[in-house]
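Asks: Dock chain B against chain A, hints included.
There are 2 protein chains.
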Amino acid sequence: MEIEEGSVTRILMGVSESTIKGYPHASISSRGAFDWTIQKIVRYNTSAFKLLFLHVQVPDEDGFDDMDSIYASPEDFKSLTDRDRAKGLHLLAYFVTRCHEIGVSCEAWIKRGDPKEVICHEVKRVQPDLLVVGSRGLGPFQRVFVGTVSEFCVKHAECPVITIKRSADEAPQDPVDD
Amino acid sequence: MEIEEGSVTRILMGVSESTIKGYPHASISSRGAFDWTIQKIVRYNTSAFKLLFLHVQVPDEDGFDDMDSIYASPEDFKSLTDRDRAKGLHLLAYFVTRCHEIGVSCEAWIKRGDPKEVICHEVKRVQPDLLVVGSRGLGPFQRVFVGTVSEFCVKHAECPVITIKRSADEAPQDPVDD
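If you read the protein sequences in the order shown, they are chains A and B. Letter by letter, the first sequence follows residues 1294 to 1471 in the numbering used here. Letter by letter, the second sequence follows residues 1294 to 1471 in the numbering used here.
These are computed hints drawn from the structure, not numbers from a lab. Remember, it's a predicted structure, so these values are computed and weren't measured experimentally. C-beta atoms are modelled at their ideal positions from N, C-alpha and C, and glycine is treated no differently. It is possible that some hints are incorrect.
Below, computed lysine to aspartate or glutamate pairings styled on EDC-like, alpha-carbon distance capped at 20 Å [claimed, not checked]:
no., chain 1, residue 1, chain 2, residue 2
1, B, Lys1417, B, Asp1375
2, A, Lys1458, B, Asp1375
3, B, Lys1343, B, Glu1451
4, B, Lys1417, B, Glu1444
5, A, Lys1371, A, Asp1407
6, B, Lys1417, A, Asp1462
7, B, Lys1448, A, Glu1451
8, A, Lys1448, B, Glu1444
9, A, Lys1458, B, Asp1422
10, B, Lys1404, B, Glu1310
11, B, Lys1417, B, Glu1394
12, A, Lys1343, A, Glu1400
13, B, Lys1448, B, Asp1462
14, A, Lys1343, A, Asp1422
15, A, Lys1458, B, Glu1444
16, B, Lys1458, A, Asp1422
17, A, Lys1448, B, Glu1451
18, B, Lys1448, A, Glu1444
19, A, Lys1417, B, Asp1462
20, B, Lys1458, A, Glu1451
21, A, Lys1404, A, Asp1361
22, A, Lys1343, A, Glu1368
23, B, Lys1458, A, Glu1368
24, A, Lys1417, A, Glu1451
Only some residues are given here: those of chain A computed to face chain B with a beta carbon under 7 Å [to be verified]:
no., residue
25, Thr1302
26, Gln1332
27, Arg1336
28, Ala1341
29, Val1447
30, Lys1448
From the derived model, a few chain B residues whose C-beta atoms are all more than 12 Å from chain A [to be verified]:
no., residue
31, Ile1313
32, Gly1406
33, Asp1407
34, Gln1466
Looking at chain A on its own, in the form it has when it is part of the complex (with noise of 0.2 Å):
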């Protein structure tokens, strides 16, 4: 069986801000899923591998219109404003930086919208390999309550998807946080 010449996996993440801390950080299950991912798969074999970073940002505050742009370098963050850390840019320069240390390439960007939809779409568009998704790991009641990104991508993504689940010692007073 061939691998095809010059060929890298690409792979996507959708990554989210921490819900628990007072100023911005990647949430428990992103820097899981980022960490997995690269602990599991990657290993060190980083130029065969190419990490796209998704984070859909949810509409609930002014509109932000310089969306469109892609992330690809730890340069690429040099002067954040605190408008950039409202965007969540803090957030793509936390997995650029640490691909950049790695050395495993990357491409980071925002779009903003419901994020199961949004993600979904972006497969749809990007065609990656493979989806990475972090979860909170709630039971069934939770996530009534909740909803789940990663069961609506596992279903609907055109991809194949792999959910990683957050272990239970890194789980915060209240689970439903992240």
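Replies: Chain B in isolation, oriented as in the chain A frame:
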């Protein structure tokens, strides 16, 4: 971030026999899941992965008693009898031989029972890093009648799960076949 020294990523694959061919073969979806795993995840980094093949035999035949053997190289299948073929050993031989050709280490074994229950039970026992299952990719109407192993595993397996849907151009005339 450190990758554990000497560790390999252990991928469990549930594999099944074809329902269509006269002579026993691996199902279309099992072969698709295997090819995808090699091309998109393992790539040329063969020493970093170990594949674990589990075939679950549905117990509607004569009792077989040597189900707990582990097969890891083509030599293990040198003298297959008809009885071995009926047990599904030819299926393991197919995947073990392909791993041998590619140069990725593997183990393969057979269990009897309800495939979805046994796969989740084996995940708990062998604790792989990832479970890969093929799926016929049936629509909701067809699924009502045939059930799906993959959906059950996504919900219940205690490790990350990837479902690899059979591509539309590989589907047989009757899509419930595989």
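Asks: If a hint holds in the structure, say so; if it does not, say that too.
Replies: Against the structure, the hints come out as follows:
| no. | hint | in the structure |
| --- | --- | --- |
| 1 | B/Lys1417 - B/Asp1375 | 32 Å, violated |
| 2 | A/Lys1458 - B/Asp1375 | 43 Å, violated |
| 3 | B/Lys1343 - B/Glu1451 | 19 Å, holds |
| 4 | B/Lys1417 - B/Glu1444 | 17 Å, holds |
| 5 | A/Lys1371 - A/Asp1407 | 29 Å, violated |
| 6 | B/Lys1417 - A/Asp1462 | 18 Å, holds |
| 7 | B/Lys1448 - A/Glu1451 | 19 Å, holds |
| 8 | A/Lys1448 - B/Glu1444 | 9 Å, holds |
| 9 | A/Lys1458 - B/Asp1422 | 12 Å, holds |
| 10 | B/Lys1404 - B/Glu1310 | 14 Å, holds |
| 11 | B/Lys1417 - B/Glu1394 | 29 Å, violated |
| 12 | A/Lys1343 - A/Glu1400 | 8 Å, holds |
| 13 | B/Lys1448 - B/Asp1462 | 28 Å, violated |
| 14 | A/Lys1343 - A/Asp1422 | 10 Å, holds |
| 15 | A/Lys1458 - B/Glu1444 | 16 Å, holds |
| 16 | B/Lys1458 - A/Asp1422 | 12 Å, holds |
| 17 | A/Lys1448 - B/Glu1451 | 19 Å, holds |
| 18 | B/Lys1448 - A/Glu1444 | 9 Å, holds |
| 19 | A/Lys1417 - B/Asp1462 | 18 Å, holds |
| 20 | B/Lys1458 - A/Glu1451 | 9 Å, holds |
| 21 | A/Lys1404 - A/Asp1361 | 7 Å, holds |
| 22 | A/Lys1343 - A/Glu1368 | 18 Å, holds |
| 23 | B/Lys1458 - A/Glu1368 | 39 Å, violated |
| 24 | A/Lys1417 - A/Glu1451 | 6 Å, holds |
| 25 | Thr1302 | 5 Å, holds |
| 26 | Gln1332 | 6 Å, holds |
| 27 | Arg1336 | 5 Å, holds |
| 28 | Ala1341 | 5 Å, holds |
| 29 | Val1447 | 6 Å, holds |
| 30 | Lys1448 | 9 Å, violated |
| 31 | Ile1313 | 22 Å, holds |
| 32 | Gly1406 | 25 Å, holds |
| 33 | Asp1407 | 22 Å, holds |
| 34 | Gln1466 | 24 Å, holds |
Of the numbered hints stated above, those contradicted by the structure are hints 1, 2, 5, 11, 13, 23 and 30, listed in ascending order.
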